[in-house]
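These protein sequence lines are chains S and Y, in that order. Per this note's numbering, the first sequence starts with residue 92, numbered consecutively. Per this note's numbering, the second sequence starts with residue 142, numbered consecutively.
The set of hints was computed from the structure by calculation and includes no laboratory data. The C-beta atom is built at its ideal place from N, Cα and C for all residues, glycine as well. Treat the hints loosely; a few may be bogus.
Said to hold, decoys possible - Listed below are several chain S residues computed to face chain Y (Cβ distance under 10 angstroms; list not exhaustive):
| id | residue |
| --- | --- |
| 1 | S383 |
| 2 | L385 |
| 3 | P484 |
As the list claims (entries may be wrong) - Some chain S residues flagged as far from chain Y (calculated, every beta-carbon gap over 10 angstroms):
| id | residue |
| --- | --- |
| 4 | K193 |
| 5 | K220 |
| 6 | K288 |
| 7 | E351 |
| 8 | V380 |
| 9 | M388 |
| 10 | G457 |
| 11 | R459 |
| 12 | N463 |
| 13 | S514 |
| 14 | E518 |
What the hints assert, rightly or not - Pair by pair, the computed Cβ-Cβ distance ranges are:
| id | chain 1 | residue 1 | chain 2 | residue 2 | range |
| --- | --- | --- | --- | --- | --- |
| 15 | S | D346 | Y | Q279 | 39 to 47 angstroms |
| 16 | S | S426 | Y | E291 | 34 to 42 angstroms |
| 17 | Y | G244 | S | P296 | 35 to 43 angstroms |
| 18 | Y | E291 | S | K368 | 33 to 41 angstroms |
| 19 | Y | G244 | S | E373 | 55 to 63 angstroms |
| 20 | S | S376 | Y | V313 | 39 to 47 angstroms |
| 21 | Y | R180 | S | E443 | 30 to 38 angstroms |
| 22 | S | K469 | Y | V313 | 56 to 64 angstroms |
| 23 | Y | S245 | S | Q544 | 27 to 35 angstroms |
| 24 | Y | G354 | S | Q506 | 41 to 49 angstroms |
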Amino acid sequence: MAARFSGVLQLTDLDDFIAPSQECIKPVKVDKKPGKAAAKIRIEADGSYFQVNQDGEAQKLEKAKITLNDCLACSGCITSAESVLVSQQSHGELCKVLALNKAAAPHEQKLVVVSVSPQSRASLAARCKLGLLETAQKLSTFLKGVHHVFDTTFSRNFSLLESQQEFVRRFQRQAEDKKALPMLASACPGWICYAEKTHGSFIIPHISTTKSPQQVMGSLVKGYFAEQQHLPPDRIYHVTVMPCYDKKLEASRPDFFNQEYQTRDVDCVITTGEVLKLLEQEGVSLSDVDPSPLDTMLGRAAEELRSHRGGGSGGFLEHIFIHAARELFGIHGASIHYRPLKNKDFQEVTLERDGQVLLHFALAYGFRNIQNLVQKLKRGKCPYHYVEVMACPSGCLNGGGQIKLEGESSKEELQQVERLYESLRAESPEENQAVRELYEHWLGGWGSERALQVLHTQYHAVERASSALSIKW
Amino acid sequence: RGLGVPGRAGAVLGQGWQGSVPCPSLSPVPMPGAGWACRAVLADGHQRTVRRVAWSPCGQFLASASFDGTTCVWRRHEHGFEVVATLEGHENEVKSVAWAPSGSLLATCSRDKSVWVWEVDEEEQEFECVSVLSAHSQDVKHVVWHPSQELLASASYDDTVRLYREDEDDWVCCATLEGHTSTVWAVAWERSGQRLVSCSDDRTLRVWQRSEGHGAGAEHSWQCVCTLSGYHGRSIYDVAWCHLTGAVATACGDDAVRVFEEVSPVSP
């Protein structure tokens, strides 16, 4: 996986390979030509190594390299590739990219697109004491050198629709497929990476294959939007603004790398906090910036901001619940009442008729609740059909990359962010005209093979290498 | 490397006794010492090194923490021990496990930088995770509970000791003790729970004292009141504070065991 940028946008000394430290336990495959005698090694002045064969022929030896992704998935040593990755995708890098792009020749310039998550927008609005629409419009102006600014609420429509559909299919085949239910949400990369590393092939069949709103946006921008602009996907630089750092890991998954064009669906993820740093660096106060009209992918002016019901983490539970109630049991407009369990991050919802429980769903946020859920699953004691799993307590609005105040006022600030987020009018994904058009004209129709291919993904259990050489007490 | 304090029942905690077998890689040849018999060999609980063992306060349960990422809880019965629970969830090696004095909480810590607190369910057959604490920035080596309160201490490769307590429906890190300049390997509480001692790769022992917070409902603060340096030739891997005599013993990489006693008690 060598995602090499064009000469114009070459990141300084970082690529997708890092040199493994002494502690690295990942086996590195180096192709060697078979030889009879022991080879001699010659070290050149520039530090490169050459293997000199018996007949005097010199062959340059490859430096041991390990891909960033393999490194991230491993946790075999104390360092982290996580910190390498985080520095590779940061507001500093974005500035460099924008500057280089400006100075590049026209035929080499990239079209820069920024997709902002509604959670990041709410966090910025709360901090800058602005309304959501103003924040969105002023952010558009501030990101100079960026050609388009989109809202991932749009791509979330696809994630919600696909999740709804997927749940109904799984529910219908639960008799033949023991692993169909419970279905577990897939939008949170913190949960996905943890599940792949710690619970592997046991839990993977339960995870929804639907892509997260970030990655659906990646497919739309590098697919549909690129076509509309008459550009190949590698001429677009796609940045997303997200409420957490794990979204950076999600963006760099090999499954989201376009092999044909050697480009990622999402090139760079910056957190809400990093946007604030950018503002501070430029000495700009968002309230002083002039607003610009908002963009939409379909080229029409955005009338107003919309949201989805069901809380600040996407609303997966509520959308799937209502859809399933209607499709499976003919119950329209089912009402949702949350019952908190042992803590506020673990809540249940049931659909009952005539004393019988038809659907039993839950929200599980934070690792302690995730752990208890997985334990119940392993013991065959999990009563739920669907669980909206998120790694952060209180969900995405409280993500690790959001703008936070320390101490007492942090609770109030979170409440303010939640209030702002909930203040928008919720729309149902089925009602969105643009979404319907895209399904029909670009995705080959609702439920098509192409829709499945573009909007779904897969997961990989991480093999845990145990090397006795690396034991640390 | 593990030293223990003899409990009431006379059980000595720690890794298995070595007989006089010179090469550790051969099958051990049991050589019974006077007065002790090997009652059980629990070989099927873990897939990798067993790093730490701990008896529950009631003596009926034994917890074992392993590099395989799990912690087993064994219940003793007449003819041996059986697994009542396997606590999973840590991403890699579990380094330590400890029972709270009440016996209803268990703490584990791991190289994955986190400390987990588990609650024992009433039937004592199930353990539920009540908190995942990611306060440390590196491998956590040791967790140990306050002698009488539900206050937890952890020691880490990140050179700090951290303290945790319950707050509403979750646990929080309520203090960070900074001062050591290298990995803190272990921590031990004084009987009163007003002080604790930490030992480190930096070859020092540090004694920390709790003081009342300022103002109503304020957090306690902890100060380092004594640093013992120049006594140990290498890293100090373990420390134990005797609850009967007040003496502090250390395990050191320079092959010596040392015992310290307070000569002039700190005035109250």
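Against chain Y, does R459 of chain S keep a CB gap of more than 10 angstroms to every residue?
4 angstroms, violated
Cβ separation check - M388 of chain S to all of chain Y, threshold 10 angstroms:
At about 37 angstroms from chain Y, M388 of chain S clears the 10 angstroms cut-off, so the statement holds.
Are all beta-carbon distances from G457 of chain S to chain Y longer than 10 angstroms?
Not fine: 7 angstroms to the nearest Cβ puts G457 of chain S too close to chain Y.
Decide, holds or violated, for the assertion that all CB atoms of chain Y are farther than 10 angstroms from the CB of N463 of chain S.
Not fine: 5 angstroms to the nearest Cβ puts N463 of chain S too close to chain Y.
Beta-carbon spacing of S426 of chain S to E291 of chain Y - inside the hinted bounds 34 to 42 angstroms or not:
With a Cβ separation near 40 angstroms, S426 of chain S and E291 of chain Y satisfy 34 to 42 angstroms, so the hint holds.
Taking C-beta pairs only, is V380 of chain S more than 10 angstroms away from all of chain Y?
Consistent with the label, V380 of chain S stays out of reach of chain Y, its closest Cβ about 36 angstroms off (over 10 angstroms).
Is the hinted range of 30 to 38 angstroms satisfied by the C-beta distance from R180 of chain Y to E443 of chain S?
At roughly 53 angstroms between Cβ atoms, E443 of chain S and R180 of chain Y fall outside 30 to 38 angstroms, so the hint is violated.
Taking 55 to 63 angstroms as the stated bounds, is the beta-carbon spacing between G244 of chain Y and E373 of chain S within them?
Holds, since G244 of chain Y and E373 of chain S (Cβ atoms, about 57 angstroms apart) stay within the stated range.
When you take the CB atoms of K469 of chain S and V313 of chain Y, is the distance between them in 56 to 64 angstroms?
29 angstroms, violated
Report holds if the minimum CB distance from E518 of chain S to chain Y is greater than 10 angstroms, and violated otherwise.
34 angstroms, holds
S245 of chain Y and Q544 of chain S, beta-carbon distance inside 27 to 35 angstroms?
This hint is violated: roughly 51 angstroms between Cβ atoms.
That 41 to 49 angstroms hint for G354 of chain Y and Q506 of chain S (C-beta), does it hold up?
26 angstroms, violated
Of the hints listed earlier, those the structure fails to meet are numbers 1, 2, 6, 10, 11, 12, 15, 20, 21, 22, 23 and 24, in rising order.
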